[in-house]
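A.B. asks: As a plain string of letters, each chain reads:
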Amino acid sequence: MFINRLVLLILFFSSYAHAELSIQNWKTPNGSQVYFVENHSLPCR
Amino acid sequence: MAHKFILLKTIVYPVVDVNVMFSAGSVRDSKQTNGVASMTNHLMFSGSAGMSEQKLMNSFADIGAQIGSNFNRDQSSFSLRTLSEEKSEAIELFKVVLQKPNFDKEILDREAKRYVANIAQAETMPEAIATKRFMKSIYGEHPYGLPSSGTIDSINRIKVAHLKKFYKEFYVANQADIVIVGDVTKAEAELIAKDISSGLPVNNNIKAIPDVKKVEKQETRISHPAKQAHLYYGVPIMKRNDPDFFPLYVGNHVLGGSGFGSRLTYEIREKKGLVYSVYSYFMPLTKKGPFEVALQTSKDQVDEAMGLIKTTIQSFIENGPSESELQASKDNITGGFALRFGSNQKIMNYVSMMAFYNYPLDYLKTYTDKVNAVTVDQIKTAFKKRVDLNEFSTVIVGVDER
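So the protein lines, in turn, are chains G and L. Numbered according to our numbering, the first sequence spans residues 1 to 45. Numbered according to our numbering, the second sequence spans residues 46 to 447.
It is possible that some hints are incorrect.
[As the list claims (entries may be wrong)] From the derived model, a few chain L residues whose C-beta atoms are all more than 10 Å from chain G:
1) Q220
2) L353
3) I378
[Claimed, not checked] Here are the simulated SDA-like cross-link-like pairs (lysine to any residue), alpha carbons at most 25 Å apart as the crow flies:
4) G:K27 x L:N115
5) G:K27 x L:Y404
6) G:K27 x L:S124
7) G:K27 x L:F116
8) L:K210 x G:P29
9) G:K27 x L:F382
10) L:K410 x G:P29
11) L:K213 x G:Q33
12) L:K213 x G:G31
13) G:K27 x L:T411
14) L:K145 x G:P29
15) L:K210 x G:W26
16) G:K27 x L:L236
17) G:K27 x L:S68
18) L:K284 x L:F382
19) L:K239 x G:H40
20) G:K27 x L:E235
21) G:K27 x L:D289
22) L:K355 x G:K27
23) G:K27 x L:V141
24) G:K27 x L:S243
25) L:K410 x G:Q33
26) G:K27 x L:I254
27) L:K231 x G:S22
28) G:K27 x L:K375
29) L:K231 x G:L21
30) G:K27 x L:E134
31) G:K27 x L:S133
32) L:K209 x G:Q33
33) L:K231 x G:E38
34) L:K391 x G:H40
35) L:K239 x G:Q24
36) L:K239 x G:P29
37) L:K375 x G:H40
38) L:K415 x G:N25
39) L:K410 x G:H40
40) G:K27 x L:N394
Simulated from the structure, these hints should not be mistaken for lab results. Where a beta carbon is used, it is the ideal one built from N, C-alpha and C, also for glycine.
Working from the sequences, and respecting the hints, build out all of it.
C.D. replies: Shown next as structure tokens:
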């Protein structure tokens, strides 16, 4: 039971880690380059 | 008796991370102004828009926001982490920090004393002596050869006017890279970036960073009472976005980049027992960064270790890695790759590097495939073309001078 859960957890995290990173890129009117990754759910460390 | 379990619930608060980078590292110093770049970076959190250092720090702390800075040869950068519900106030404060630094004379004087004390202390440590001398040896007059925090003399020369001039010249909107990661929408991110950028100076005549020129190789031996000798061996080879990056990087992983599994470790540690560890690495910079091999060993064995480094690298240049060594390195590099994006902070680090060095947006997506595509022949070709031991300089600290 515990092992099953552990396996599930590992599966969950590895699929999440493989999730593709979507990077958006633009310039401000003043010429600064901006890179943006929108993420509302990531662990925050 | 039953086991007791204590359940701790982890509450993840949504956060926003912002990182603002300027091409304002110590490569922007000259011999005369060495340390100005570092000191400018260092004093950015020491009071802004007339607010004291203490008031500013308290204001960030009051809303639970964290700020940090980073400085190296290429880059001066500033980061903010805030809870998304406090982001308006946090960004407002962060903007003030970036756009309106005080550069107070009292604080400069206080920090200059600390710099001088740190430099004086580093000058007693064999490792610090060796790396400083190594960079000087391989770069000559190029600013990468300057110590990134300056020298005692050059720090003592810094005036507030130097910092203000440096800030106006290099902390400029049109050269800034802004990275935003986390709990904001694209529209919000656009506003944040525009807000930060619009209050920064603009400089359309920013100086180009000079190319690295070849320097006559040098062998330097410096005596030191430490028991172990510290050895550094190398030359500038690879810059960011280098066309040979993948064969050189993967090849070096076999040669000396993978720690205990590497060729250099096998030859010098496993077979001869001369060292605890030995490594080699390429540090790509805006211009050619150092390729460096380093180890520590006892003073009477340092010449033998030096000889082994040379024969190991030379044999690698001629023969490259074996297929199985190459496969092991590919597995090692690509195996942990996805796990490197498991947090906002890690994403921030990678995306910041991509932004600062103008990497293509698909860099991370194609990284694993590019590593896996490297062949033994490509590694041999790249090492033969780019790595020439006749150009390598040597610094050994901890031997008697000859």
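A.B. asks: When the structure is checked against the list of hints, which entries are broken? Sort them ascending.
C.D. replies: Numbers 1, 9, 10, 15, 21, 22, 28, 37 - these are the hints that the structure violates, sorted from lowest upward.
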